[in-house]
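A.B. asks: First to last, the protein sequences are chains D and H.
No gaps in the numbering here: position 122 of the first sequence is 122 in our numbering, and each next residue is one more.
No gaps in the numbering here: position 272 of the second sequence is 272 in our numbering, and each next residue is one more.
Quick caveat, the hints were computed from the structure, so don't treat them as lab data.
Since this is a predicted model, take the numbers as computed values, not measurements.
You may find that some hints are simply not true.
Claimed, not checked - Here are a few chain D residues that face chain H, going by a calculated C-beta distance under 7 Å:
{"#": "1", "residue": "T45"}
{"#": "2", "residue": "A78"}
{"#": "3", "residue": "Y82"}
{"#": "4", "residue": "R104"}
{"#": "5", "residue": "N106"}
{"#": "6", "residue": "I108"}
{"#": "7", "residue": "P109"}
{"#": "8", "residue": "T219"}
Claimed, not checked - Calculated from the model, a selection of chain D residues having no Cβ within reach of chain H, i.e. all distances over 12 Å:
{"#": "9", "residue": "G81"}
{"#": "10", "residue": "E97"}
{"#": "11", "residue": "H194"}
{"#": "12", "residue": "R213"}
The beta-carbon is built from N, C-alpha and C at its ideal position, and this holds for glycine as well.
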Amino acid sequence: MSNVVINTRDLTKRYDDVVAVDHLDLTIYEGEIFGMLGPNGSGKTTTILMALGLTEPTSGEVRVLGLDPARQPLSVKARVGYIPDQVGFYDELTAVENLLYTARLNGIPRKEAMTRIENALTRLGLGEVMERPVKTFSRGMRQRLAVADVLIKQPGMIIMDEPTQGLDPEGAHEFLDIIRQLKAEGITVLLASHLLHQVQEVCDRVGLFYKGRMALSGTVDELARQYMKGGYRIDLEVQGDRKAIEKALRQVKGVTDVTYLGQNRYEVRAQGDLRADAARAAVLADGRLLSLNVEAPSLDDIYVRYFQEVEHDSIKQAA
Amino acid sequence: MTASSKQLEMTRRTREGSPWTGLWAVVFKEMADLLTSSRMRILEVLILLTAVGAAYAAMSQIRETIGRDPFLFLKLFTVSKAPIPSFVEFLSFLVPLIAISLTFDAINGEFNRRTMSRILSQPIYRDALLFGKFLAAFFTLALVLTVIWLLIIGLGLIGLGVPPSGETVARLLLFLLATIFYGGVWLALAMLFSIVFRQPSAAAMASLAAWLFFLIFWNILAGLFADVLSPVRMGIPQEMLKNAQMQISLARLSPTFLYGEILAALLNPAVRSVGLGLLLPLLPQGAIPGTPLPLGQSLLLIWPQLTGLIAATILLFALGYVLFQRQEIRA
């Protein structure tokens with residue numbers, strides 16, 4: 001396994017009598033894109049703030065790049081870039097001036113800083129507007145400026161809080177591409193979001209947060225297998241002997257359930273994308289295959305399924 | 001706990017690096033912001049008008065006494081000609097306003113612009129941000145006041161045609177210093193409110209309320225409290241003296257009152273004591289009332305007031321510092 005970048009053990013943060021983060025164990029490896037997912041108030045931002053040393057944990061431990069953020073915050077913050085939720089800039093200053101301030105706070109000499117700033121801004125498509133005041137920037141441009149801002153310190157890791165919130169679909173798509181590019185450069189990315197379908201596209205692994213705990217974690221596929229009990233849904237339209245076709249479909253390896261929907265339509269639940277195998281089985285059972293469709297499990301489904309179970313359990317417990 | 005484990009605990013608890021990392025980056029950026037802001041333009045115009053107006057009025061009033069008064073230059077600051085108040089009266093009124101306008105949105109402004117978490121995620125401590133902002137406002141205030149001060153002296157040189165004596169210059173320098181520190185109190189107060197209130201307008205209103213309170217109401221209240229705390233029942237001199245002493249002690253809680261006392265002693269060498277001192281047998285042996293005090297003596301007279309102003313600044317800043325360190329960063 002590659003190097004651990006963030007590691008928490010029993011990490012807990014209490015505000016008065018509200019538990020924001022509850023005995024969290026989280027491990028993030030070098031070079032991956034990890035998505036922290038969960039509704040607002042599930043402890044994502046608090047976890048991030050503790051990882052950056054901006055809030056002290058009530059108990060438990062957090063290590064970032066092997067450092068304790070509460071005791072060595074400067075080293076941690078020099079290596080980790082943070083893009084907060086709805087990031088702000090000094091509107092009356094230009095893009096370059098804003099980034100120069102960041103560079104100075106990082107102790108980067110002016111000449112070096114100018115080179116890095118120009119490179120970063122050009123790279124993020126802001127080269128044309130770098131001398132314009134930030135107040136003229138759109139939401140998407142600000143978000144890209146925020147990425148340029150963290151790139152100035154040449155971080156090993158970037159933490160983003162709700163990076164695609166408020167962006168139009170195209171802007172969000174572009175931004176996800178930027179995240180992929182960062183990963184390609186070897187930068188570890190941790191992103192917190194409640195926009196599940198967007199995160200699903202880019203994340204190597206995800207953790208579902210609920211009430212300060214990480215309820216589930218793993219790759220999207222793993223979670224689908226675990227919680228959707230055959231998360232792929234394959235729709236077939238086959239003319240032929242219903243019983244034989246159903247039987248053949250059931251015998252395909254990896255199929256968990258087959259339902260006849262009427263009018264020659266079958267719904268197959270499977271653990272993976274078994275379109276080819278299902279088609280072959282239907283044809284071998286003398287069926288005439290008319291259509292074939294697959295629907296991959298989405299994080300939204302997993303999420304909804306999981307919380308249905310959780311709420312169901314808590315209702316049972318209460319009763 | 002053994003000594004070694006204690007030491008281990010100590011090293012575990014110490015933070016890495018200097019709390020002042022990035023301080024000057026903050027100071028330069030904030031000063032540049034303040035000096036180019038539109039509120040600064042307004043203040044500059046306001047101050048220029050006051051300075052020229054007050055100096056002009058004072059000059060037309062004191063031209064007649066040229067050659068007779070050894071501290072002519074000081075009069076430039078203190079003499080008024082109705083309806084224009086003297087320059088120092090203007091200052092004790094204006095300096096708090098300038099100071100408040102410099103810092104009332106120092107901290108909450110960063111939260112409202114949503115830049116706070118981005119700035120604090122840079123490798124600096126909160127100390128550097130807070131102190132850097134205070135220093136930037138302090139330097140800006142000092143710069144503005146020094147400019148006005150030089151302006152008036154220049155006007156005086158041209159208008160009166162008499163160069164100031166060495167002692168006059170020394171008194172004027174001390175006056176400038178005291179004015180800057182008087183502003184420091186209001187800087188720290190407005191900054192404290194900018195930490196306490198999330199709305200800059202609320203912080204500005206609270207600061208202005210405090211300013212009005214000390215400017216107008218505190219003297220009246222000091223009189224009332226003095227009557228309650230040490231009432232005059234019999235009308236005997238001891239009682240009246242005690243009452244007056246109490247009133248002055250209470251009044252001295254106000255920075256405006258302290259500043260007034262400092263100005264009186266520094267700019268009018270004939271003032272031999274501040275507060276109630278005139279009534280008490282503290283006069284140097286053989287002193288003749290009306291002769292000017294040497295600078296050293298004037299300075300001694302106002303030393304407690306000056307340290308009081310500085311102490312108030314430090315106290316308010318420290319209070320803000322503690323509150324800011326404990327503040328949650330999330331918006």
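A.B. asks: Look at each hint and say if it fits the structure.
C.D. replies: For each hint, the structure was consulted:
1. T45: Constraint on T45 of chain D satisfied, holds at 6 Å.
2. A78: 4 Å, holds
3. Y82: Nearest chain H Cβ about 4 Å off; hint holds.
4. R104: 4 Å, holds
5. N106: Since chain H brings a Cβ to about 6 Å from N106 of chain D, closer than 7 Å, the hint holds.
6. I108: The hint is violated - I108 of chain D has no Cβ within 7 Å of chain H, the shortest such distance being about 10 Å.
7. P109: 12 Å, violated
8. T219: 29 Å, violated
9. G81: 8 Å, violated
10. E97: 9 Å, violated
11. H194: At about 16 Å from chain H, H194 of chain D clears the 12 Å cut-off, so the statement holds.
12. R213: Holds, since 19 Å exceeds 12 Å.
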